[in-house]
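Novice: The residues making up each chain are set out below.
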Amino acid sequence: MGAMAEPGRQERPAIEVRGLTKSYGGVHAVRGIDLTVESGQIFALLGPNGAGKTTTVEILEGYRSRDGGTVQVLGYDPGRKPQRLKSRIGIVLQSTGVDRYLTVTETVAMYAGFYPHPRPVDEVIELVGLDAKRNARVLQLSGGQQRRLDVAIALAGNPDLLFLDEPTTGFDPSARHEAWEVIKNLAALGKTVLLTTHYMDEAQYLADQAAVISSGRIVAEGPPATIGNRELARARIRYRLADGATPPADLTAPAGPDGLIELAPEDLTAALHRLTGWALDQHVELTGLEVTRPTLEDVYLELTDSPAAQARAGTKEPVGRSPASRRGWRRS
Amino acid sequence: MAQVMNAAALTLSQVRYVNKAFWRNPASAFFIFAFPLMFLVIFTALLGHGTVRISPTQVVNTSTYYVAAMASFGVISACYTNIAISVSFQRDTGVLKRINGTPLPSSVFLGARMVQALLVAILLVVITAAFGRAAYSASIPTGLTLLRFLVMLLVGAASFCALGFAITAVIPNADAAPAIVNASILPLLFLSGVFIPLGSNAPAWIVWIARIFPVWHFARGMQAGFLGTAFSWTDVLVVAAWGLAGLLLAVRFFSWEPRA
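Top line first, the protein sequences correspond to chains Y and Z.
Quick note on numbering: the numbering used here labels position 127 of the first sequence as 127, and the sequence is numbered without any gaps.
Quick note on numbering: the numbering used here labels position 248 of the second sequence as 248, and the sequence is numbered without any gaps.
Please keep in mind that the hints were generated in silico from the structure rather than gathered at the bench.
A portion of the hints provided could be inaccurate.
Said to hold, decoys possible - Have a look at the derived ranges for each label pair, beta carbon to beta carbon:
| id | chain 1 | residue 1 | chain 2 | residue 2 | range |
| --- | --- | --- | --- | --- | --- |
| 1 | Y | Asp172 | Z | Ala27 | 30 to 36 Å |
| 2 | Z | Ser106 | Y | Ala188 | 33 to 39 Å |
| 3 | Z | Phe253 | Y | Gly50 | 27 to 33 Å |
| 4 | Y | Ser215 | Z | Asp175 | 32 to 38 Å |
| 5 | Z | Leu37 | Y | Asn135 | 29 to 35 Å |
| 6 | Z | Ser106 | Y | Leu189 | 25 to 31 Å |
| 7 | Z | Ala176 | Y | Gly50 | 24 to 30 Å |
| 8 | Z | Ala7 | Y | Pro120 | 22 to 28 Å |
| 9 | Y | Pro120 | Z | Thr145 | 49 to 55 Å |
| 10 | Y | Ala136 | Z | Ile196 | 43 to 49 Å |
| 11 | Z | Pro103 | Y | Thr226 | 36 to 42 Å |
| 12 | Z | Ile209 | Y | Ser65 | 38 to 44 Å |
| 13 | Y | Lys81 | Z | Phe253 | 17 to 23 Å |
All residues carry an ideal CB built from backbone N, CA and C; glycine is no exception.
Make the full structure from the sequences, and use the hints.
Specialist: See below:
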């Protein structure tokens with residue numbers, strides 16, 4: 001994906017952060033963060049509310065001052081609020097408004113006018129899929145359309161680096177998938193994207209690289225597929241058993257509330273072979289049989305010490321048994 | 001030089017967008033623009049037949065008095081009220097924060113808002129004067145009087161804009177904006193003889209309040225243009241001093257982010 005930018009583009013990282021700290025009146029929001037975002041990457045910053053994501057991003061954007069550490073964004077120190085940096089970044093904040101009485105085209109054109117080398121307005125509107133609404137006033141747009149307008153405004157100046165702070169929060173599923181396509185398109189244009197999110201599927205689908213932030217610290221970093229040693233965690237076998245059948249003792253467990261038996265065997269291949277072999281021999285149907293890897297969400301819940309993770313702490317289950325994981329994972 | 005030209009062009013294009021948004025917003029178009037004209041019609045219809053003694057030696061028709069007073073009210077409405085309320089709203093909805101993340105210089109953004117407010121103010125003064133001329137044969141400033149009038153108008157408009165920016169610092173959120181703005185300006189409009197002529201037997205405390213704040217001085221300066229009363233540079237200076245104080249407070253306390 002974006003990480004595979006053509007050689008020569010990767011002279012230096014787009015963002016480099018070392019030992020970043022920030023407190024608000026004695027509360028340590030950020031406690032020493034190191035981050036490197038390579039140019040052309042989509043980088044996801046994951047973490048629960050209050051973990052320090054937005055503080056970190058707003059320091060990088062130049063909105064907040066930092067207490068300590070060094071920060072380089074496109075080679076500039078955002079703490080000095082350089083005008084040149086502002087003309088090369090695009091920002092989608094968690095919640096920002098636009099004047100409600102201007103049309104989509106007027107709004108994008110107005111913001112494009114602030115930048116030295118803007119993208120053509122029509123092109124930007126098309127890129128975010130608002131062509132049909134170009135003459136609609138902002139107040140006539142749906143929530144999802146307004147969010148796309150936010151992205152369009154961030155793109156208007158043809159930035160090299162985009163900050164997207166929870167770009168799809170509050171979206172319905174189809175709007176989210178549309179937004180994801182827009183963001184993927186940005187990577188295809190060679191943009192660097194720093195994305196914060198608390199949707200794991202979003203990070204999984206979009207990011208080349210992810211970091212999990214918890215209580216102001218980075219607790220894991222890596223590609224979404226392997227972050228938090230996810231690739232090493234045991235996979236699970238789940239199935240439902242017909243009444244009266246008794247599989248080999250090491251291949252069964254008390255059924256959960258949903259009637260599913262769940263295993264996390266050491267040797268997955270062998271266990272699956274023996275289980276299905278036994279079922280065929282006994283003419284037993286294993287309804288709902290599935291094999292799943294721990295999702296990014298499971299890893300995330302482990303790492304961020306959420307209440308869900310704490311609830312599971314005493315059960316000695318391997319990574320991958322959170323109720324959340326049952327929602328299924330279609331995009332890995 | 002090129003930079004100045006660039007900033008001027010950017011300001012001008014920004015004025016156009018501010019202006020579009022202003023006229024398309026029914027609340028601003030009505031409360032800011034139509035109110036002073038409506039008051040002019042109501043006051044003159046109700047009270048227009050009497051006379052007002054504006055100095056020991058000078059008596060004018062009430063209708064003419066209100067033409068000058070409502071022109072002042074129009075400027076205050078377009079500059080102070082308009083800017084304070086709409087900028088608070090922009091701050092609270094995150095428009096200002098977004099603008100602040102772009103390379104647009106903040107002076108261009110705020111300057112464009114001032115220019116647009118000034119244009120609305122001038123339009124209101126012109127309409128008021130034309131109405132006064134047609135309906136009540138009010139005199140229209142000419143010559144040197146016109147020049148002095150324009151100085152007062154520009155100084156007043158700029159000062160009330162600056163005060164409008166400054167007051168946003170004490171407005172906690174957009175919901176509170178109309179209340180705080182009106183609570184700060186309406187009493188002064190009454191105490192400064194804009195809505196009701198102060199006359200010669202106004203209580204001393206009212207006269208004192210009027211003299212401290214900029215509204216009375218501004219209204220006197222505007223009156224001089226319409227009524228031929230004495231023009232005093234002190235009035236201009238007092239209004240300018242208030243404007244400068246507003247500007248300094250705004251520079252120090254203006255916030256680009258919503259108040260949490």
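Novice: Does each hint fit the structure? Answer for all of them.
Specialist: Hint by hint, here is what the structure shows:
no. : hint                              : result
1   : Y/Asp172 <-> Z/Ala27: 30 to 36 Å  : holds (31 Å)
2   : Z/Ser106 <-> Y/Ala188: 33 to 39 Å : holds (34 Å)
3   : Z/Phe253 <-> Y/Gly50: 27 to 33 Å  : holds (28 Å)
4   : Y/Ser215 <-> Z/Asp175: 32 to 38 Å : holds (34 Å)
5   : Z/Leu37 <-> Y/Asn135: 29 to 35 Å  : holds (31 Å)
6   : Z/Ser106 <-> Y/Leu189: 25 to 31 Å : holds (30 Å)
7   : Z/Ala176 <-> Y/Gly50: 24 to 30 Å  : holds (27 Å)
8   : Z/Ala7 <-> Y/Pro120: 22 to 28 Å   : holds (24 Å)
9   : Y/Pro120 <-> Z/Thr145: 49 to 55 Å : holds (52 Å)
10  : Y/Ala136 <-> Z/Ile196: 43 to 49 Å : holds (46 Å)
11  : Z/Pro103 <-> Y/Thr226: 36 to 42 Å : holds (39 Å)
12  : Z/Ile209 <-> Y/Ser65: 38 to 44 Å  : holds (42 Å)
13  : Y/Lys81 <-> Z/Phe253: 17 to 23 Å  : holds (19 Å)
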